[in-house]
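Peer 1: Protein chains in written order, with my numbering: chain A, 1 to 112; chain B, 1 to 116.
Derived by calculation from the structure, the hints in this document are not laboratory data. There could be a bad hint or two in this list.
Stated by the list, open to error - With a straight-line Cα cutoff of 25 Å, these simulated SDA-like cross-link-like pairs (lysine to any residue) come out:
{"id": "1", "chain 1": "A", "residue 1": "K41", "chain 2": "B", "residue 2": "P96"}
{"id": "2", "chain 1": "B", "residue 1": "K14", "chain 2": "B", "residue 2": "Q41"}
{"id": "3", "chain 1": "B", "residue 1": "K57", "chain 2": "A", "residue 2": "K56"}
{"id": "4", "chain 1": "A", "residue 1": "K3", "chain 2": "B", "residue 2": "L61"}
{"id": "5", "chain 1": "B", "residue 1": "K71", "chain 2": "B", "residue 2": "V115"}
{"id": "6", "chain 1": "A", "residue 1": "K41", "chain 2": "B", "residue 2": "D63"}
{"id": "7", "chain 1": "A", "residue 1": "K41", "chain 2": "B", "residue 2": "K71"}
{"id": "8", "chain 1": "A", "residue 1": "K41", "chain 2": "B", "residue 2": "D24"}
{"id": "9", "chain 1": "A", "residue 1": "K68", "chain 2": "A", "residue 2": "V80"}
{"id": "10", "chain 1": "A", "residue 1": "K56", "chain 2": "B", "residue 2": "E103"}
{"id": "11", "chain 1": "B", "residue 1": "K11", "chain 2": "B", "residue 2": "P109"}
{"id": "12", "chain 1": "A", "residue 1": "K3", "chain 2": "B", "residue 2": "K71"}
{"id": "13", "chain 1": "B", "residue 1": "K11", "chain 2": "A", "residue 2": "P39"}
{"id": "14", "chain 1": "A", "residue 1": "K68", "chain 2": "A", "residue 2": "K41"}
{"id": "15", "chain 1": "A", "residue 1": "K3", "chain 2": "B", "residue 2": "V19"}
{"id": "16", "chain 1": "B", "residue 1": "K11", "chain 2": "B", "residue 2": "L60"}
{"id": "17", "chain 1": "B", "residue 1": "K57", "chain 2": "B", "residue 2": "R22"}
{"id": "18", "chain 1": "A", "residue 1": "K3", "chain 2": "B", "residue 2": "G85"}
{"id": "19", "chain 1": "A", "residue 1": "K41", "chain 2": "B", "residue 2": "I26"}
{"id": "20", "chain 1": "B", "residue 1": "K11", "chain 2": "B", "residue 2": "E28"}
{"id": "21", "chain 1": "A", "residue 1": "K41", "chain 2": "B", "residue 2": "L113"}
{"id": "22", "chain 1": "A", "residue 1": "K68", "chain 2": "B", "residue 2": "I26"}
{"id": "23", "chain 1": "A", "residue 1": "K56", "chain 2": "A", "residue 2": "I110"}
{"id": "24", "chain 1": "A", "residue 1": "K3", "chain 2": "B", "residue 2": "K11"}
{"id": "25", "chain 1": "A", "residue 1": "K41", "chain 2": "B", "residue 2": "A53"}
As a plain string of letters, each chain reads:
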Amino acid sequence: ELKVEQNPLFLSMQEGKNYTIYCNYSTTSDRLYWYRQDPGKSLESLFVLLSNGAVKQEGRLMASLDTKARLSTLHITAAVHDLSATYFCAVDRNFGNEKLTFGTGTRLTIIP
Amino acid sequence: DTGVSQDPRHKITKRGQNVTFRCDPISEHNRLYWYRQTLGQGPEFLTYFQNEAQLEKSRLLSDRFSAERPKGSFSTLEIQRTEQGDSAMYLCASSPGAGGYQETQYFGPGTRLLVL
Numbered sequence: 001e002l003k004v005e006q007n008p009l010f011l012s013m014q015e016g017k018n019y020t021i022y023c024n025y026s027t028t029s030d031r032l033y034w035y036r037q038d039p040g041k042s043l044e045s046l047f048v049l050l051s052n053g054a055v056k057q058e059g060r061l062m063a064s065l066d067t068k069a070r071l072s073t074l075h076i077t078a079a080v081h082d083l084s085a086t087y088f089c090a091v092d093r094n095f096g097n098e099k100l101t102f103g104t105g106t107r108l109t110i111i112p
Numbered sequence: 001d002t003g004v005s006q007d008p009r010h011k012i013t014k015r016g017q018n019v020t021f022r023c024d025p026i027s028e029h030n031r032l033y034w035y036r037q038t039l040g041q042g043p044e045f046l047t048y049f050q051n052e053a054q055l056e057k058s059r060l061l062s063d064r065f066s067a068e069r070p071k072g073s074f075s076t077l078e079i080q081r082t083e084q085g086d087s088a089m090y091l092c093a094s095s096p097g098a099g100g101y102q103e104t105q106y107f108g109p110g111t112r113l114l115v116l
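Bound conformation, chain B alone (with noise of 0.2 Å):
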């Protein structure tokens, strides 16, 4: 039983560039979330998935940034033009999404991002 996966764990890119991460959550889970979380702080909500619909969009998900689920299952965040302010960890994480009462969200290992 594997749990969340992300690829890269690390990147470190230059100012400007264009990055993109990639999540893989637990095999038939429908919900698909991305957090981002700066040092010291607790994370923060960017977007969530039901299936291959984006659902809701957080204020700090800028025009550079976007988000897709095609096939409902992986789900890439990419991040274009980036900048300083961009570094963070991206976590993903995902849920069963049928609305099970003990429901919770299973966290990945995150993918740290460092621009230069």
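Bound-form chain A, shown alone (with noise of 0.2 Å):
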């Protein structure tokens, strides 16, 4: 059974600094994808990682992943208050978009 786990589950950390977030999975996976979500809302796609050494970049935000290790990273940089949701990863087994595996989640909170 794949098993997908994130840590920290929780994070608080000041505006300006730098942080990361770590996403193990338990199984081979073709691919990895980070999501978003505010508290009530749906979540939001922000990256789909296909290859092993893969990196993604989109404003404060970049993601990696490595597939031998079974691990990817959502690397924080100068956090601002708007960063402050709960970050999801999830791996898809099948080449194909199928089922996703959620892990826990992370809830990032940004102090000014």
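Make one complex out of these two single chains by using the hints.
Peer 2: Structure (structure tokens):
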């Protein structure tokens, strides 16, 4: 059974600081996704990572994938309050965007 | 360009009642997915459709749950004889289903179900 673990589960950080969220998964996967969820809202797609060594950046967020280590990271640079949200990674076992297995999420709070 | 829509957004029901949720995917998206999310957890896969064909169902989807996508467009998720443990956010997502390299799933706003 595929398991996806994120850490930390909760993260409070000051504005302007850098931090990294980690996502480990238990079996070989073709694709890894990062989503953002604001309280009471649905999920917003951030990144799709498709190959070993893939790196994608959007604004203050950068995601990377190491398929050999079964590890993805989401790095936050110079955090701002607008980035406060819950971040989920999700893994697709089968090439073809079928069912996603999500991690438990990291609730990020940016403190002024 | 409208996104995935779901109706109703909130539903309160009494234990034992039946409920039905509707999902309208993004136009021309062939794949439609249902997930369930409980408080503090990530979404859990329930089922998905390729056009009108239901291709996979999770073990979470007990006999009380049924999903349809009759014409390959909108989908319904019905829960019969609801139980308090069914209280959750039910999320629908869609994707083009063309196998595109960067293909992702686009999520709707969800239907929050509370079973009393």
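Peer 1: None of the hints should be skipped; say for each whether it holds.
Peer 2: Each hint, compared with the structure:
Between K41 (chain A) and P96 (chain B) the alpha-carbon distance is near 22 Å, which keeps this suggested pair within the 25 Å criterion. Proximity of K14 (chain B) to Q41 (chain B) is assessed by CA-CA distance (about 24 Å); at most 25 Å being required, the pair is judged to hold. The straight-line distance between the Cα atoms of K57 (chain B) and K56 (chain A) is roughly 32 Å, outside the 25 Å bound, and the hint therefore fails. At most 25 Å may separate the alpha-carbon atoms for a hinted pair to count; K3 (chain A) and L61 (chain B) meet this at roughly 19 Å.
Proximity of K71 (chain B) to V115 (chain B) is assessed by CA-CA distance (about 30 Å); at most 25 Å being required, the pair is judged violated. For the proposed pair K41 (chain A) and D63 (chain B), the alpha carbon gap of about 29 Å is over 25 Å, so the pair is violated. Restraint check: the Cα-Cα separation between K41 (chain A) and K71 (chain B) comes to about 28 Å, which exceeds 25 Å; the hinted pair is violated. Restraint check for K41 (chain A) and D24 (chain B): the C-alpha separation of about 17 Å stays at or below 25 Å, so the hint holds.
This hinted pair does not check out: K68 (chain A) and V80 (chain A) have alpha carbons roughly 32 Å apart, beyond 25 Å. Our distance criterion of 25 Å between C-alpha atoms is met by K56 (chain A) and E103 (chain B), whose separation comes to about 15 Å. A hinted pair counts as satisfied when its Cα atoms are at most 25 Å apart, and K11 (chain B) with P109 (chain B) qualifies at roughly 14 Å. Of the pairs offered as hints, the one joining K3 (chain A) and K71 (chain B) is violated, with about 34 Å between alpha carbons and a cut-off of 25 Å exceeded.
A hinted pair counts as satisfied when its Cα atoms are at most 25 Å apart, and K11 (chain B) with P39 (chain A) qualifies at roughly 18 Å. For the proposed pair K68 (chain A) and K41 (chain A), the alpha carbon gap of about 34 Å is over 25 Å, so the pair is violated. Pair hint K3 (chain A) plus V19 (chain B) does not hold up; C-alpha atoms about 31 Å apart against a cutoff of 25 Å. A threshold of 25 Å between alpha carbons decides the hint, and for K11 (chain B) with L60 (chain B) the separation of about 20 Å falls inside it, so the pair holds.
Straight-line distance between C-alpha atoms of K57 (chain B) and R22 (chain B) comes to about 18 Å, which keeps the hinted pair within the 25 Å bound. The straight-line distance between the Cα atoms of K3 (chain A) and G85 (chain B) is roughly 23 Å, inside the 25 Å bound, and the hint therefore holds. A hinted pair counts as satisfied when its Cα atoms are at most 25 Å apart, and K41 (chain A) with I26 (chain B) qualifies at roughly 18 Å. For the suggested pair K11 (chain B) and E28 (chain B), the alpha carbons sit about 28 Å apart, so the restraint of at most 25 Å is broken.
About 14 Å separates the Cα atoms of K41 (chain A) and L113 (chain B), which keeps this hinted pair within 25 Å; it holds. Distance check on the hinted pair: K68 (chain A) and I26 (chain B) sit about 35 Å apart at the alpha-carbon level, beyond 25 Å; violated. For the hint pairing K56 (chain A) with I110 (chain A), the CA-to-CA distance comes to about 22 Å; that is within 25 Å, so the pair holds. Note on K3 (chain A) and K11 (chain B): the hinted pairing is violated, with a Cα-Cα distance of about 31 Å set against a maximum of 25 Å.
The hinted pair formed by K41 (chain A) and A53 (chain B) fails the criterion: a straight-line CA distance of about 29 Å is larger than 25 Å.
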